Amino acid sequence: MQVQELVGIVPWTFIAQICNLFLQVYLIKRFLFKPINNILAKRKEMADAQIQDAVKAREEAEAMKSQYEQDMIQAKNKANEIVVSAQKTATAQSEELLREASRQAAAMKNKAEADIEQEKRKAVNEIKDEIGGMAMEIAGKVIEREISEEDHAKLIDDFIANVGETS
Amino acid sequence: MDLDISGAKVYFTIPTDIPILGDLQISETIVVSWIVMLLITGLCIWLTHDLKVENISKRQALAEMLVEQANKFVVGNMGEKFRHMIPFVAALFVTSVVSNLISLIGLRSPTADLTTEAAWAVVVFIMITAQKIKTGGFGGYLKGFTTPIAIMTPFNVLSELATPISMACRHFGNILSGVVINGLIYGALAVASSALLGLLPGVLGNVLSQIPILDVGIPAVLSVYFDWFSGFMQAFIFCMLTVMYIANAAEE
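As you go down the protein sequences, you meet chains G and X in turn. Count along the first sequence from 1, add 123, and you get the number used in our numbering. Count along the second sequence from 1, add 1, and you get the number used in our numbering.
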């Protein structure tokens with residue numbers, strides 16, 4: 124078999140090796156660098172997306188927290204308001220009740236006084252009548268004669284007037 | 002015992018008879034180069050099939066590591082603007098390494114043929130020159146030869162031409178020396194085992210002395226340096242020089 128020189132440059136082999144080198148560059152680019160770089164880029168994209176998601180989630184959480192705090196403050200204020208207004212209402216009601224009670228008591232007292240007055244008057248009238256009758260009887264007995272109608276009435280009135288003054 | 006260390010075998014010749022180029026010879030160098038390319042491409046396809054973004058396999062981790070290493074090597078030595086050079090440098094390195102190591106399976110290294118390294122070195126030389134012209138313009142490139150003084154011009158031209166020659170010859174010399182030394186060791190050990198076993202008496206000695214028993218194992222130890230170390234080292238040096246020369250050409 125024919126053998127080339129140990130140290131020498133063969134033109135066709137030279138050209139072939141240059142072509143081989145560039146072919147190899149293309150092949151290694153196509154089959155190693157392209158897929159791996161794609162994957163690396165994809166992974167980077169994913170990591171970036173995750174970081175962005177995390178940042179967004181944190182922002183949302185912070186917004187929620189501030190909202191919650193605001194709500195809490197509002198709720199506290201409202202509770203305070205309710206308590207204050209309840210206290211006010213209670214005070215007003217109790218005052219109203221007291222007033223009502225005292226008014227009722229006053230009314231009852233008045234009524235009782237009026238009743239007493241009336242009873243007294245009634246009793247006085249009864250006594251008047253009785254005393255009138257008694258006086259008539261006594262007078263009839265004393266003078267033993269029938270008094271005229273006019274004298275009769277006049278006598279009673281005088282007597283009552285006297286009784287009224289004395290009683 | 003004859004020891005024959007020759008150039009690449011020619012499997013068949015296609016007579017083209019073009020002046021200067023001569024006949025197209027399909028030599029061992031070309032065939033083994035194709036085998037090397039097939040191996041590398043197959044390896045790349047195997048490494049990158051079934052890629053995933055998450056929960057990656059060891060195979061994918063290795064592929065990613067190799068790519069990252071190539072990126073780091075080129076970008077670290079040349080800067081960010083030479084990103085497009087990454088596949089070229091990677092191809093140069095991996096072709097060189099696989100070509101150097103393919104001698105381990107008994108094939109003749111394509112890099113044991115000066116033509117291969119010369120082809121690579123010329124490509125690199127053209128890249129360096131193109132980069133120089135791109136950086137300083139054609140006038141600036143020519144002017145560069147007259148620095149520091151005009152009388153230095155011949156030496157500058159010489160040193161410029163020495164770049165590809167030294168790159169090619171350094172790589173070739175190391176690989177060829179490995180081939181030569183391995184050949185010598187195999188030959189010497191065959192002779193030694195024949196002499197040693199020939200001491201055995203009678204037919205036994207005659208039969209055993211035909212088998213080069215010492216050739217098993219011992220050359221493997223030496224090939225750690227001459228094939229493995231030298232193979233990686235020369236590939237690395239070639240790529241390092243390529244990267245450095247082009248990066249230097251881009252400066253100024």
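Hints may contain errors.
[What the hints assert, rightly or not] Stretch-level coverage of chain X by chain G, calculated; a stretch enters the list once three of its residues show a Cβ under 8 Å from a Cβ in chain G: (1) 6 to 12; (2) 39 to 48; (3) 83 to 93; (4) 115 to 128.
Honestly, the hints are just simulated from the structure, not real lab data. Note that the structure is predicted; figures quoted are calculated from it, not measured. C-beta: ideal position from N, C-alpha, C; glycine also.
For each hint, the structure was consulted:
1. 6 to 12: Answer holds; 7 residues pass the 8 Å Cβ test.
2. 39 to 48: Contact hint for the stretch 39 to 48 of chain X vs chain G: holds, 5 residues under 8 Å.
3. 83 to 93: Since three or more residues must qualify, the claim that chain G covers the stretch 83 to 93 of chain X holds, with 6 doing so at under 8 Å.
4. 115 to 128: This one holds; 8 residues, not fewer than the three required, reach chain G with a Cβ under 8 Å.
Violated hints for the displayed structure: none, as all numbered hints are satisfied.
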